[in-house]
Amino acid sequence: MIEVRELTKRYADRTVLEGVSATFSKGEVVALLGPSGGGKSTLLRCLNGLESFDSGTVRVGEHSLEPGRARTAQLWSIRRRVGFVFQQWHLFAHRTALGNVIEAPVHVKGLSMKEATERARELLAKVGMSHREGAYPSEMSGGEQQRVAIARALAMEPEVLLMDEPTSALDPERVGELVALLERLRAEGLTMVTVTHEMRFAQALASRVLVLHGGHIIEEGAPAEVLSNPRHERTRAFLGLGQAA
Amino acid sequence: MSAEPPPRTRRSSSLPSGYLALAALALLVSCGGKEGSALERVRQAGVLRWGADAQGGEPYAMEDPEHPGQYRGFEVELADALGRELGVRAEFVQNDWSSLIPTLERGGSFDIAMNGVEITPARAGRVLLSRPYYLFSLRLMARRDDSSVTGLESLRGRRVGTLSNSQAWDLLLSSGAQAIPYEGVQEPYIDLEQGRLDAVLMDDIIAQRYGMTRPGLQVVGDVGEGYYAIAVRPGEEELRRALDEALDRIARSGELRALFRRWGIDGAAQQRMVEWTEAQTREVLAETRTTRLGWSQLVLFLQAALVTLLVSVGAMALAIPLGMALALGRLYGPRWLGGMTTAYVELLRGTPVLLQLYVLYFGLASVLRLDPLSAAILGLGLNYAAYEAEVYRAGILAVPKGQLEAALALGMSGPLALRRVVIPQAFRVALPGVTNDFIALLKDSSLVSVISVVELTKRMTITAVDVRSWLVPGALCAALYLGMSYPLSRLARRLEAKLERA
Ligand SMILES: Nc1ncnc2c1ncn2[C@@H]1O[C@H](COP(=O)(O)OP(=O)(O)O)[C@@H](O)[C@H]1O
Ligand SMILES: [Mg+2]
Chain V
1 MIEVRELTKR YADRTVLEGV SATFSKGEVV ALLGPSGGGK STLLRCLNGL ESFDSGTVRV
61 GEHSLEPGRA RTAQLWSIRR RVGFVFQQWH LFAHRTALGN VIEAPVHVKG LSMKEATERA
121 RELLAKVGMS HREGAYPSEM SGGEQQRVAI ARALAMEPEV LLMDEPTSAL DPERVGELVA
181 LLERLRAEGL TMVTVTHEMR FAQALASRVL VLHGGHIIEE GAPAEVLSNP RHERTRAFLG
241 LGQAA
Chain S
1001 MSAEPPPRTR RSSSLPSGYL ALAALALLVS CGGKEGSALE RVRQAGVLRW GADAQGGEPY
1061 AMEDPEHPGQ YRGFEVELAD ALGRELGVRA EFVQNDWSSL IPTLERGGSF DIAMNGVEIT
1121 PARAGRVLLS RPYYLFSLRL MARRDDSSVT GLESLRGRRV GTLSNSQAWD LLLSSGAQAI
1181 PYEGVQEPYI DLEQGRLDAV LMDDIIAQRY GMTRPGLQVV GDVGEGYYAI AVRPGEEELR
1241 RALDEALDRI ARSGELRALF RRWGIDGAAQ QRMVEWTEAQ TREVLAETRT TRLGWSQLVL
1301 FLQAALVTLL VSVGAMALAI PLGMALALGR LYGPRWLGGM TTAYVELLRG TPVLLQLYVL
1361 YFGLASVLRL DPLSAAILGL GLNYAAYEAE VYRAGILAVP KGQLEAALAL GMSGPLALRR
1421 VVIPQAFRVA LPGVTNDFIA LLKDSSLVSV ISVVELTKRM TITAVDVRSW LVPGALCAAL
1481 YLGMSYPLSR LARRLEAKLE RA
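Line by line, the protein sequences are chains V and S.
Okay, so the first sequence: first residue is 1 according to our numbering, each after it adds one.
Okay, so the second sequence: first residue is 1001 according to our numbering, each after it adds one.
If you're looking for bench data, these hints aren't it; they were derived computationally from the structure.
Hints should not be assumed to be uniformly reliable.
[To be verified] Result set (DSS-like, lysine-lysine): computed pairs, CA atoms no more than 27 Å apart in a straight line:
{"hint": "1", "chain 1": "V", "residue 1": "Lys114", "chain 2": "S", "residue 2": "Lys1401"}
{"hint": "2", "chain 1": "S", "residue 1": "Lys1401", "chain 2": "V", "residue 2": "Lys109"}
{"hint": "3", "chain 1": "V", "residue 1": "Lys126", "chain 2": "V", "residue 2": "Lys114"}
Here the structure is a predicted model, which is why all the values come from computation and not from measurement.
I would like the entire structure built from these sequences, with the hints used as guidance.
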């Protein structure tokens, strides 16, 4: 599905990702773990071309991204297949919940307004936001905005959903609801890559975890294995911190 | 303003001692008496201050190119002769031609106005006029290749340039022509040559210097005549009489025509000025007219308000998309485009709109022949685009970067993301600025009168000069501006409130 090879990303003279290789297969749910500043968000943003990189390749299906400025046609086809849920959601501030979900299907996919609205209502129902379809982002709580952001991404019928720290702004009881929602999506066969700090979240959802530190993947494996018996001392230190939090 | 004595004034600047004694006596008399007359005031001060406009003033009164600050022209010489006759020094005071009479009436910085002031019933009704000192003809000029202009009758409904509130202006209005008002004497002939006017009707002295020198133009004929006289404040009868007597002496001694000859404006007809009688003065000044504000004026005001609205809306309709393009070019374009848009914005914001209008309308006339209304809309539109660009740029920069990223992540192209997500939100930020600019534009549109568009403010000044009052036309003008801008700000506030929710 997605294949990353020898990916290197620098900001000025700082190397943020160094020779990262990883494969995300169809139907898989992968959690990206690691200390803050380890490069998780950067890696995620490279996967749908929001960030350019300095060497290596990213391949999504038959499309691939090369270092430097990507060709726009490639970019668009990749982004249409890869949904992205931002840590801060970035809902369109001038649109209601429904308007946010309709926007891309109508203007990118060319769906009719009627069809897009029907689909959008189904998706809002799925994420439990039907009762708030007329609300503007400024009138929604963080959890509500996040659910709308997921519905907005799903409206483009992506094959992969990328999520950056989806639990970071949620109350503990809301995390449960999110896990339930994502489990349903996993059951429908959606491939997901999610950055997280929450071990329980990773454990509940992921079929595989990657630990990113200092721009390198230092550990990889099934969640139970990595979390209970980490091989790398950095992972251990990180998990120690993670469990304390 | 007050000049060094010009070359020809030297004579009168060294006053004979007899006059000085007389002046001293007058001073004593007036100190002892009640309020001194204007004539006494002039004699006391030892200076006759005369108002005229040196801009485009050849051959009347103009700045001496070799001696900046000094003035020459046939009226300068006449003023010196008058000063000599009155026993005082003549001093030139610069004042815009179109406001000479209002300034005089208001008790401005000069005692008399002498600058091709024509005897018209309207003027005779508001200030005192001396006996005439020059007989002029109204000369009609047209393009050499245009045989359709044959005389006054042929001008009905056609565009004819002249100075506003002049005798030619009145004549054109009464003959059904569309009179186009100009501030200067050169511009109407330029416009005639460019085909923006069908004819120009001006005093022969002006036509001779500024029109007949242009190869593409021809004289159709002289269609009227009139007189130049000196304007004196109402109530200053004594000063007027002294000037009349002085003019009489200057004319009869042959000095007047000698002076005309020196300036190439003499002719057999000027002998009438020499033999002029008091009875004739009474006759030419008998017809006075005081125009009152009436319905017809109100209609003209409403028409002018419509022109103001048309120019403003047209200019804004141009400024908004162009400003948006400039803002986008600067923010998202390649480096060279960013540099160009920055240069555009700095150039148009950093130079006066008035200058830009002049360049666009007169300066580029040979390559871009715009009619006045199009030039007005284009000029203001290009200028305001620079301001709009900055307002939109600020608006776009105020939209969080995440909004654009979210749109791109959904597969939108850059332009689509801008159109659907960034710009609508930037608009919300920019709206108060855009409203401000539009209201400023409504007022700035008064500048286009320099390229002969009669909009609201110009209409107001024409009428105010006509009816001798600035109060009522001014209030009417202000009411019409407010009537246009207030609903607009209300509308904008409602829109802002509506957008506030989102
Ligand atoms: N736009 C940027 N410019 C410079 N440095 C950046 C930028 N974005 C991220 N970084 C740096 O790259 C490193 C990795 O950041 P990030 O991918 O956000 O880490 P994580 O998501 O794992 O916390 C951090 O040290 C961060 O400071
Ligand atoms: Mg991060």
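Hint by hint, where does the structure go against what was stated? Just the numbers, ascending. When the structure is compared with the hints, only number 1 turns out to be violated.
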